[in-house]
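Engineer: Line by line, the protein sequences give chains A and B.
Take the position in the first sequence, starting the count at 1, then add 72; the result is the number in our numbering.
Take the position in the second sequence, starting the count at 1, then add 250; the result is the number in our numbering.
Among the hints, a few may not be true.
Said to hold, decoys possible - As a list, the in silico DSS-like pairs of lysine-lysine whose alpha-carbon atoms are at most 30 angstroms apart: (1) A:142 to A:168; (2) A:128 to A:98; (3) A:128 to A:141; (4) A:168 to B:329; (5) B:330 to A:142; (6) A:142 to A:128.
Said to hold, decoys possible - Just so you have them, the derived chain A footprint on chain B, three or more residues with Cβ under 8 angstroms: (7) 292-299; (8) 353-359.
Simulated from the structure, these hints should not be mistaken for laboratory data.
Heads up, the beta-carbon is just placed ideally off N, CA and C, and yes, glycines get one too.
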Amino acid sequence: SQQGEEDPQALSIQEGENATMNCSYKTSINNLQWYRQNSGRGLVHLILIRSNEREKHSGRLRVTLDTSKKSSSLLITASRAADTASYFCATGTASKLTFGTGTRLQVTL
Amino acid sequence: SQTIHQWPATLVQPVGSPLSLECTVEGTSNPNLYWYRQAAGRGLQLLFYSVGIGQISSEVPQNLSASRPQDRQFILSSKKLLLSDSGFYLCAWSIQGRGNQPQHFGDGTRLSIL
Chain A
73 SQQGEEDPQA
83 LSIQEGENAT
93 MNCSYKTSIN
103 NLQWYRQNSG
113 RGLVHLILIR
123 SNEREKHSGR
133 LRVTLDTSKK
143 SSSLLITASR
153 AADTASYFCA
163 TGTASKLTFG
173 TGTRLQVTL
Chain B
251 SQTIHQWPAT
261 LVQPVGSPLS
271 LECTVEGTSN
281 PNLYWYRQAA
291 GRGLQLLFYS
301 VGIGQISSEV
311 PQNLSASRPQ
321 DRQFILSSKK
331 LLLSDSGFYL
341 CAWSIQGRGN
351 QPQHFGDGTR
361 LSIL
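Looking at chain A on its own, in the form it has when it is part of the complex (with noise of 0.2 angstroms):
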């Protein structure tokens, strides 16, 4: 089964609107990676944050860490047309990550 599961399936804003996508996990983690894939290309690493931190910012882009819920949040604030992709985040052990099946993002003009 998949060790991240994303919430929701699909989301549709507006620009300039902030996304908020969430992230939930079932066994412990060292780190909990996100990634973007733009339609029809392959993934692209974003963030990743580790187990004993909570909050970490790159950009328009923050990601939360609640690990005694097993749970993750990917913020986009001020969304753009070109924030238009699938996310998706990943746990995993040693050499090998999970990914969940992905929000998909569809922000509108």
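For this one, chain A is given, so just place chain B on it according to the hints.
Structural biologist: Okay, now just chain B, sitting in the frame of chain A:
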């Protein structure tokens, strides 16, 4: 800087034909290498990973195989393709290190089996 090349971008093959997809990484040494398959609208399924030349770990039993003949070359093969082998195949690399490292992906191969 490091780059990853994956080809071909698209491929249409008849059922029962062989397959060879190639992935190469530049700008780094001794990377971990991965092959994933992604069904339409779904997450990624790890097929194979490799931590060194000739070292291949298979995650899912299937009619696919992988090889790593050189440090930065990873090949996905099949002797006889099935309809169920259709999908989007992604190659990725990461540095070797403690814990989970970020993975860097190629642009994928869209494989259609007829």
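Engineer: Please go over all the hints and tell whether each is borne out by the structure.
Structural biologist: Going through the hints against the structure:
no.	hint	result
1	A:142 to A:168	holds, 19 angstroms
2	A:128 to A:98	holds, 21 angstroms
3	A:128 to A:141	holds, 17 angstroms
4	A:168 to B:329	holds, 26 angstroms
5	B:330 to A:142	violated, 42 angstroms
6	A:142 to A:128	holds, 16 angstroms
7	292-299	holds (count 5)
8	353-359	holds (count 6)
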